[in-house]
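One-letter residues, chain by chain:
There are 2 protein chains.
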Amino acid sequence: MFEKPAPADHPILDLLARRWSTRSFADRPVDREMVASLFEAARWAPSSGNGQPWSFLVATKDNPAEHERMASVLVPGNAWAHKAPVLALSVAALDRGDKTNRHAYHDVGLATENLVIQAHSMGLAIHMMAGFNVDMAREVFEIPVRHDPVTMIAIGYPGHPDSLPEDLRKKDLAPRQRKLIREFVFTGKFGQPAALE
Amino acid sequence: MFEKPAPADHPILDLLARRWSTRSFADRPVDREMVASLFEAARWAPSSGNGQPWSFLVATKDNPAEHERMASVLVPGNAWAHKAPVLALSVAALDRGDKTNRHAYHDVGLATENLVIQAHSMGLAIHMMAGFNVDMAREVFEIPVRHDPVTMIAIGYPGHPDSLPEDLRKKDLAPRQRKLIREFVFTGKFGQPAALE
Numbered sequence: 001m002f003e004k005p006a007p008a009d010h011p012i013l014d015l016l017a018r019r020w021s022t023r024s025f026a027d028r029p030v031d032r033e034m035v036a037s038l039f040e041a042a043r044w045a046p047s048s049g050n051g052q053p054w055s056f057l058v059a060t061k062d063n064p065a066e067h068e069r070m071a072s073v074l075v076p077g078n079a080w081a082h083k084a085p086v087l088a089l090s091v092a093a094l095d096r097g098d099k100t101n102r103h104a105y106h107d108v109g110l111a112t113e114n115l116v117i118q119a120h121s122m123g124l125a126i127h128m129m130a131g132f133n134v135d136m137a138r139e140v141f142e143i144p145v146r147h148d149p150v151t152m153i154a155i156g157y158p159g160h161p162d163s164l165p166e167d168l169r170k171k172d173l174a175p176r177q178r179k180l181i182r183e184f185v186f187t188g189k190f191g192q193p194a195a196l197e
Numbered sequence: 001m002f003e004k005p006a007p008a009d010h011p012i013l014d015l016l017a018r019r020w021s022t023r024s025f026a027d028r029p030v031d032r033e034m035v036a037s038l039f040e041a042a043r044w045a046p047s048s049g050n051g052q053p054w055s056f057l058v059a060t061k062d063n064p065a066e067h068e069r070m071a072s073v074l075v076p077g078n079a080w081a082h083k084a085p086v087l088a089l090s091v092a093a094l095d096r097g098d099k100t101n102r103h104a105y106h107d108v109g110l111a112t113e114n115l116v117i118q119a120h121s122m123g124l125a126i127h128m129m130a131g132f133n134v135d136m137a138r139e140v141f142e143i144p145v146r147h148d149p150v151t152m153i154a155i156g157y158p159g160h161p162d163s164l165p166e167d168l169r170k171k172d173l174a175p176r177q178r179k180l181i182r183e184f185v186f187t188g189k190f191g192q193p194a195a196l197e
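For the record, the sequence lines run as chains A and B.
Just so you know, the first sequence maps onto residues 1 to 197 in the working numbering.
Just so you know, the second sequence maps onto residues 1 to 197 in the working numbering.
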C-alpha cells in the first residue's frame, strides 16, 4: 500500500498524519456495515446548538444505476472518482428553526471530517471534491430550498498511484504541502504569529 | 474523570465516541508543545484545492491580558469558558485567488475537527462556541475584509460537571442526542433513507 504521511513539525495522531486524498481506488466493494460506521462517525460530530445541519446522499456500486447517477454530477476532471465504490454528497441545512445558521457549512465540515477519520481508521480512503455541478445535484437529488449541496465524497479502498494515468499519478505522488503554523496561527491580532515554534 | 461516550448504533472509533463538549475545565495549564500539536493537526486537514482557508487567533492564560481580551468577545452565557486556559477563534478566508471560495466555512470545519480530535487524543477537552460577538471579534483582532470570524474554541483539561453551577451541571450531565442515521443519510433523493440499518 502506498502511503504519504504528513511531514508534521509537531507530533500529531498517526491517523491524522496518514490521512491523504488519493485519486486511486481499488476494485473492491465496501461492506454496508462499514458504510454505516462512516455515517455513525459523522453523526456524533459537534455542531452549533446541536443543530446537526448535515445530511448526506449516498450511492454504492451495489446499485450501479444509482452510482452512475451520482457520478454523473461530477465535472469531467473528476472522472477518476467514478471508480470509487461509494460516492456521497454532503448537504447543508441553511436554517436552524426560523433563523439562518451561519455555521451550517462549518458544521457539515466537522461531521465530514469525522467521517474521513473513521474511514481512514478502517483502511479506507476518501477524496472530497468541490468539482461537481451544484445545480444539477440539486435537481437530480431533489435537494429542498434552504439546503445546499456542499461536497462530493469518493470513498473506497485505496489503489496504487501507479495504476493511474500519468497526469493523475503525478498529482498523487506530489509531496504534501501546507502553510507553516506561523502563517495561520496568530495572537493579539490577525497576521501576528503566535510563538508556538 | 467524567465520561459521556456516544451511544453509537454502529461501531466507531473510540476517540470519536468519547469526544464531547464539556463546560467544565480544570485549573491546569496546557503545555505550549501541546497547543502546537493542536494546530499541527488542523494544518494537515484536507481542503478544496488545498486552499487552507483557515486561520486561528489563540490566547493562553500564560498571557492573562491577552486571554482576557479574547474572553471579552464571548456572550455572557459562555462565561464558563473564561476558565479554559486556552481560547481560540477560527477565521475563514472567503476568497481563493480572485474567486469566492464556497467551501471556506466547510474547510474551516474540517481543520477544526482535526484539532478537536487531536485534543481529545491528548486528554484535553474542547468546546466550540457560536456565542460570541462577531463584529467585536473582527475589530479586536483586526480581522481583514473578506475574512470571517467563525467559531470560538475553549480548550483545556476537563474538569468535573459537579464543579459547575446547577444550570450548567444539568447541561453537562444531560444524555447525548442525535438524529438517527435514517433521518440524515439518504439515497436516490433527499429525504429517502438509505438502507444502512
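These are calculated hints, taken from the structure and not from any lab test.
There could be a bad hint or two in this list.
Since the list gives no way to pick out one identical chain from another, each pair is judged satisfied if it fits inside one copy or across any two copies.
[What the hints assert, rightly or not] Once the Cα atoms are required to be at most 30 Å apart in a straight line, the calculated BS3-like pairs of lysine-lysine come out as:
#, residue 1, residue 2
1, 171, 189
2, 189, 61
3, 4, 189
4, 61, 99
5, 189, 170
6, 83, 170
7, 179, 99
It should be emphasised that the depicted structure is a prediction, and the values quoted were computed from it without experimental measurement.
Structure-based check of all given hints:
no., hint, in the structure
1, 171 / 189, "neither (36 Å within a copy, 33 Å between copies)"
2, 189 / 61, "between (50 Å within a copy, 17 Å between copies)"
3, 4 / 189, "neither (34 Å within a copy, 36 Å between copies)"
4, 61 / 99, "neither (38 Å within a copy, 35 Å between copies)"
5, 189 / 170, "neither (39 Å within a copy, 36 Å between copies)"
6, 83 / 170, "within (18 Å within a copy, 49 Å between copies)"
7, 179 / 99, "between (35 Å within a copy, 20 Å between copies)"
The earlier numbered hints that this structure contradicts are 1, 3, 4 and 5.
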